[in-house]
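Trainee: Line order of the protein sequences matches chains R and Y.
One point on numbering: in our numbering, the residue at position 238 of the first sequence is 238, and numbering is uninterrupted.
Throughout, our numbering is defined as the position within the second sequence, counted from one, plus 1000.
FYI, nobody ran anything at the bench for these hints, they're computed from the structure.
The beta carbon of each residue, even a glycine, is placed where N, CA and C say it ideally should be.
Hints may contain errors.
As the list claims (entries may be wrong) - Over the 12 Å line for every Cβ pair with chain R, so calculated as not near, a few chain Y residues: (1) Met1018; (2) Ser1095; (3) His1202.
Unchecked claim - Restricting the straight-line Cα-Cα distance to at most 20 Å, the calculated cross-link-like pairs of lysine to aspartate or glutamate (EDC-like) are: (4) R:Lys64 <-> R:Asp162; (5) Y:Lys1011 <-> R:Asp322; (6) R:Lys11 <-> Y:Asp1232; (7) Y:Lys1011 <-> Y:Asp1232; (8) Y:Lys1016 <-> Y:Glu1005; (9) R:Lys11 <-> R:Asp232.
Number of protein chains: 2
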Amino acid sequence: MTNIEVKTRVKQYQIKIMINSLHHLGTLVTKVWCARQVAVVTDTNVGPYYAKLVTDELTAAGFKVRVMTVPAGEASKSWAQVQSLIDQLSAAHFSRSDGVLALGGGVVGDLAGFVASIYMRGIALIQVPTSLLAQVDSSVGGKTAIDLPTGKNLVGSFYQPDLVVIDPAILVTLPPRMLAEGYGEIVKCAALVGGDFWQSLHQITSVAAILPAAPDLIAASVAFKARVVMADEHEQGQRQLLNFGHTIGHAVELLADGQLMHGEAVAIGLVQVCRLFAAHGLAPQAVAAVMQHDKKVHGTALTWVYLSAVGQPHLYPIAVTDLATWMGDLWSVS
Amino acid sequence: MTNIEVKTRVKQYQIKIMINSLHHLGTLVTKVWCARQVAVVTDTNVGPYYAKLVTDELTAAGFKVRVMTVPAGEASKSWAQVQSLIDQLSAAHFSRSDGVLALGGGVVGDLAGFVASIYMRGIALIQVPTSLLAQVDSSVGGKTAIDLPTGKNLVGSFYQPDLVVIDPAILVTLPPRMLAEGYGEIVKCAALVGGDFWQSLHQITSVAAILPAAPDLIAASVAFKARVVMADEHEQGQRQLLNFGHTIGHAVELLADGQLMHGEAVAIGLVQVCRLFAAHGLAPQAVAAVMQHDKKVHGTALTWVYLSAVGQPHLYPIAVTDLATWMGDLWSVS
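Extracted from the complex, chain R is given alone in its bound form (with noise of 0.2 Å):
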């Protein structure tokens, strides 16, 4: 088992990462919290493998449980979702000293954790992640959203958990699709740490290879961005690296309009597969369109991440008013 210790300036909390964790969900639980009403949020992909375990978990912990389920995919990430399950809460007589467990990928952490952060202006949270991806991403750093049509994670907040609780054996059940699009992360994290890190991806050749070395390579990228995090709560300075790749990463998602991951989209921006775009009939013009409306734009410019080399980024502002152009001349590089 790995423990990273999160310290901010609001709350100290643990990240356990830890084969099987789940069957030892209501221990861990009852370590943080005391006896209440905890609201599992969760998806219709994930409910039907893990929910009943959670809910037996926490029951036999002495926890009253609520399972609320959405509709798996970003389109959760929605106003009306967060009304949805505030409605339920409300309806279920949620208290401010009750608590909403995460459990799920990236959409359920980012939906749930806002929901924990606005009712009765924040109750506690639990993440459990349950895909590689919100297992390296989503759950260390408190980042809450839900998507606007002008763009993704457009309203959200910075909300801590009280524990994360990260379990690899729950891996095996994902498809390799999802494996890969969550090990687009792990590489992003290699990339900006360098080091023993970036060399021990060598080892991985196939998605197979992932999995046995997932505990390790999961333990390595929270560890990094927990330090970067720590650091920079509310990313405004070098929280920023964390966004290597997302640039292009948000825009080329919303373009492509549900046909790819979040994960595959940061790993496209993350290479710059420059002729990916082209062949889906994206322009540059589009694409930087939709990207003045991210949420690295400060003021008028977009800040970038780039790598001198591994393990050496830096951040790189574009003028909103010159992204086009910019854009371009980086289509055009082969």
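Following the hints, put chain Y in place on chain R, whose structure we already have.
Mentor: This is chain Y only, laid out in the frame that chain R set:
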């Protein structure tokens, strides 16, 4: 001018209480904000009086101003207005470096504060409260909120502004009823503090007498609340004392269905004028049922505040299941 310094875990800011400070708003804002877009959120009551002055002041100071007006009244503390304001911010390409200035009473402050706290996970906020109640109440403490059909302020956040500007000169445009409403909150603070503050209220024998005393009364109230809030930012302990009068008050307000102002309802709660409920035909049963959704419910108990003497407040939990009986007892006391 009175400057009250508020230090919370995440932010330090000033509350400036100064006659005619609205006429110096540009200068005051430039001390905390560099040049940026500013959304002045106001309502249909306050906008016609002060939106132009505020816009001119901010524009002259170099800010790009956009006024966003919501209908006056509690009904604007809704999901619909939150979404409308956020859509306006997004359409105007507001970035993380821009800001929201709330110009209005408690409704505008709660709504605009909530919007600022969740747009792009939080953009800068300045509060300019224009009602007496907002000046002494909602402007300090960083609470933001909207209402649900099941209860007031059930969704929101703790979000500290960069600055609060209080102009007591604005109060001359308030109808007497709104002065009296805000005065109720001052009485609440004075009753909790006791001593000289309580004694000073003996000079206020008419609504007209509130105006000349307002700068001192506001300063005393805000200073007290700032002390309490600094000691307990997230309302887990002593800050609950500020809920004095609110337990019944919120329920009364909800059941009065718009016929009572917030401060009036709290004043009713404060003096426990049980007969007034009876005169409105409201049974203790109905009030108790509504109160079960109160945010002050922790687990299965609702925490009340009472005074053993002026300046001697205490917290007193009552089991939710005993509420109706307990309130029945209260009602039958004459």
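Trainee: Next step is simple, just say for each hint if it's right about the structure.
Mentor: Each hint, compared with the structure:
no.	hint	in the structure
1	Met1018	holds (30 Å)
2	Ser1095	violated (5 Å)
3	His1202	holds (36 Å)
4	R:Lys64 <-> R:Asp162	holds (18 Å)
5	Y:Lys1011 <-> R:Asp322	violated (35 Å)
6	R:Lys11 <-> Y:Asp1232	holds (14 Å)
7	Y:Lys1011 <-> Y:Asp1232	holds (14 Å)
8	Y:Lys1016 <-> Y:Glu1005	holds (9 Å)
9	R:Lys11 <-> R:Asp232	holds (14 Å)
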